Structures are given as structure tokens and as C-alpha cells.
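A.B. asks: From first to last, the protein sequence lines are chains L and S.
Per our numbering, the first sequence starts with residue 2, numbered consecutively.
Per our numbering, the second sequence starts with residue 2, numbered consecutively.
Hints are computed from structural coordinates only; laboratory data are not their basis.
Source: prediction; values computed, not measured.
Check the hints yourself; a few may be wrong.
The list cannot tell twin chains apart, which means a pair is met if one copy fits it or any two copies do.
[Stated by the list, open to error] Restricting the straight-line Cα-Cα distance to at most 25 Å, the calculated cross-link-like pairs of lysine to any residue (SDA-like) are:
{"no.": "1", "residue 1": "80", "residue 2": "48"}
{"no.": "2", "residue 1": "88", "residue 2": "12"}
{"no.": "3", "residue 1": "80", "residue 2": "22"}
{"no.": "4", "residue 1": "86", "residue 2": "99"}
{"no.": "5", "residue 1": "88", "residue 2": "49"}
{"no.": "6", "residue 1": "41", "residue 2": "98"}
{"no.": "7", "residue 1": "93", "residue 2": "54"}
{"no.": "8", "residue 1": "86", "residue 2": "31"}
{"no.": "9", "residue 1": "80", "residue 2": "47"}
{"no.": "10", "residue 1": "88", "residue 2": "52"}
{"no.": "11", "residue 1": "88", "residue 2": "48"}
{"no.": "12", "residue 1": "93", "residue 2": "42"}
{"no.": "13", "residue 1": "88", "residue 2": "67"}
{"no.": "14", "residue 1": "16", "residue 2": "48"}
{"no.": "15", "residue 1": "86", "residue 2": "38"}
{"no.": "16", "residue 1": "88", "residue 2": "99"}
{"no.": "17", "residue 1": "86", "residue 2": "50"}
{"no.": "18", "residue 1": "86", "residue 2": "2"}
Here is what each chain is made of, one letter per residue.
There are 2 protein chains.
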Amino acid sequence: MIVHQVFFWLHRPDKDLQAVREGCVAIATTESVNRYSIGKPAGTAHREVVDHSFHLSLTVFFDSLEAHDRYQTDPVHLKFVEDHKDKWSNVKVYDFEI
Amino acid sequence: MIVHQVFFWLHRPDKDLQAVREGCVAIATTESVNRYSIGKPAGTAHREVVDHSFHLSLTVFFDSLEAHDRYQTDPVHLKFVEDHKDKWSNVKVYDFEI
Numbered sequence: 002m003i004v005h006q007v008f009f010w011l012h013r014p015d016k017d018l019q020a021v022r023e024g025c026v027a028i029a030t031t032e033s034v035n036r037y038s039i040g041k042p043a044g045t046a047h048r049e050v051v052d053h054s055f056h057l058s059l060t061v062f063f064d065s066l067e068a069h070d071r072y073q074t075d076p077v078h079l080k081f082v083e084d085h086k087d088k089w090s091n092v093k094v095y096d097f098e099i
Numbered sequence: 002m003i004v005h006q007v008f009f010w011l012h013r014p015d016k017d018l019q020a021v022r023e024g025c026v027a028i029a030t031t032e033s034v035n036r037y038s039i040g041k042p043a044g045t046a047h048r049e050v051v052d053h054s055f056h057l058s059l060t061v062f063f064d065s066l067e068a069h070d071r072y073q074t075d076p077v078h079l080k081f082v083e084d085h086k087d088k089w090s091n092v093k094v095y096d097f098e099i
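Using the sequences provided together with the hints, build the complete structure.
C.D. replies: So this is what it looks like as C-alpha cells:
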């Protein structure tokens, strides 16, 4: 299974978090996705190795690399990036195979 | 649910990956853990926002913050850090609530 782990940092989280979150639900329910979860920073202890600074996490699970690649070019995904890219100051992605 | 997402970068992955991976299995099967997965970088396209440079991912799911906190002080976890910390050059952790 392929895990596509995304973290978003927003310019104006108070204003834009909900819209970006709704966009994440839209892209994570496209046909190529097996399952997904959306999260927020947890209230764990602040330690040097832990990054709590992101505003939103999106974890998308795919059955195959090919499904991941379909997701990237899905019109819903392309529209999400176009509609919301100005709202984020940074995005980090980790793709891993489990 | 609390997700504890860890990425490891090793000094000598060829030599040490298996031992660190086995240590991850040991800590991820302690009593506080709900479920876990261990991964390696996926063969997705290289894009600026995607970090494929880590050697090992560990995702640990907990039912509560309190379970996460028990995990951090579990003797098996403390021994894992002591036994293997010299093998990694970097560790990044993202804790999120889903």
C-alpha cells in the first residue's frame, strides 16, 4: 500500500483552514483513493524532534503507485491545487510504501 | 485517535536499516499501541514538495494522548532509543489527531 502523507502550513489558518480541509475531503474521496484521514496537530509534548507547526495533515492511502499517479492528475486534485495554493505558505509530502 | 509519524535518516542504511526496523517492531508492539505500520520511501515522482530522502518510516496509532505518553516512557522504547540513537543522523516526528 502507498501512503501519501501531506502537511499544510497556511498563511491565515483562522480564515482558511475550513476551506482547505473541505478541499482535502473532496480530493481524498476521488476514485483512486482507498482510504484517508485528515488531522490537526496533537497535544503531545513539545520536543526538539517533534514538529507541531503545521495546520492540517492529510493522509491518503492507495492500493498501488498507479492509483497514486491517477490521483495526482485527477481533475478534482488539479482544481484543489489551483483553488487553494495561495492559501498555503508551505506543503511537505512524504510518500511511503507499507 | 493519535497518530505518531516518525521518519528516520540513518548514517549507514545498508548496515543498520534492519536492526532499526526490528527495534521499531519491538516498540510498536508495546502495550500502549493500537496499531502501527513501518514503511520505506515510495517510488512516486520526484517533486519539490516530496521528501523521499528518509530511510524508514514508523507510524504508530494510539487511542489517546495518555497511551502515547505511556509509549514514550515504556522501558522498551527507552531501550530502543539508547540502543539505536547513534545509528540515525536525523529523526523527524509529526504527531496529529485524526
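A.B. asks: Each hint: holds or not?
C.D. replies: Hint check:
1. Taking the shortest Cα distances, residue 80 and residue 48 sit within 25 Å of each other only across copies (18 Å), while inside one copy they are farther apart (37 Å).
2. Proximity of residue 88 to residue 12 under the C-alpha cut-off of 25 Å is restricted to the intra-copy arrangement: shortest distance 6 Å within a copy versus 37 Å between copies.
3. Taking the shortest Cα distances, residue 80 and residue 22 sit within 25 Å of each other inside one copy (14 Å), while across copies they are farther apart (39 Å).
4. In this assembly of identical chains, the alpha carbons of residue 86 and residue 99 lie at most 25 Å apart only when taken from different copies (23 Å versus 29 Å within one copy).
5. Taking the shortest Cα distances, residue 88 and residue 49 sit within 25 Å of each other only across copies (18 Å), while inside one copy they are farther apart (27 Å).
6. In the homo-oligomer, the alpha carbons of residue 41 and residue 98 lie at most 25 Å apart both inside one protomer (23 Å) and across protomers (5 Å), since each shortest distance falls under that limit.
7. For the identical chains of this complex, residue 93 and residue 54 are neighbours both inside a copy (12 Å) and across copies (13 Å), given an alpha-carbon limit of 25 Å.
8. When the C-alpha separation of residue 86 and residue 31 is checked against a cutoff of 25 Å, the pair qualifies only within one copy, where the shortest distance is 19 Å, while the shortest distance between copies is 40 Å.
9. Taking identical chains as interchangeable, the C-alpha atoms of residue 80 and residue 47 lie at most 25 Å apart only when they sit on different chains, with a minimum of 21 Å there against 36 Å within one chain.
10. Taking the shortest alpha-carbon separations for residue 88 and residue 52, both the intra-copy value of 20 Å and the inter-copy value of 21 Å come in at or below 25 Å.
11. In this assembly of identical chains, the alpha carbons of residue 88 and residue 48 lie at most 25 Å apart only when taken from different copies (20 Å versus 28 Å within one copy).
12. Proximity of residue 93 to residue 42 under the C-alpha cut-off of 25 Å is found in both arrangements, the shortest distances being 15 Å within a copy and 14 Å between copies.
13. Within a single copy, residue 88 and residue 67 get their C-alpha atoms no closer than 29 Å, and across copies no closer than 34 Å, so neither meets the 25 Å cut-off.
14. Taking the shortest alpha-carbon separations for residue 16 and residue 48, neither the intra-copy value of 28 Å nor the inter-copy value of 28 Å comes in at or below 25 Å.
15. Taking CA atoms no more than 25 Å apart as the test, residue 86 paired with residue 38 passes inside one copy only; the shortest distance there is 20 Å, against 30 Å between copies.
16. Proximity of residue 88 to residue 99 under the C-alpha cut-off of 25 Å is restricted to the inter-copy arrangement: shortest distance 22 Å between copies versus 31 Å within a copy.
17. In this assembly of identical chains, residue 86 and residue 50 lie within 25 Å of each other by CA distance solely across copies; the values are 13 Å between and 28 Å within a copy.
18. For a Cα distance limit of 25 Å, the shortest separation of residue 86 from residue 2 qualifies neither inside one copy, at 27 Å, nor across copies, at 28 Å.
Consistency with the previously given hints fails for numbers 13, 14, 18, ordered from lowest to highest.
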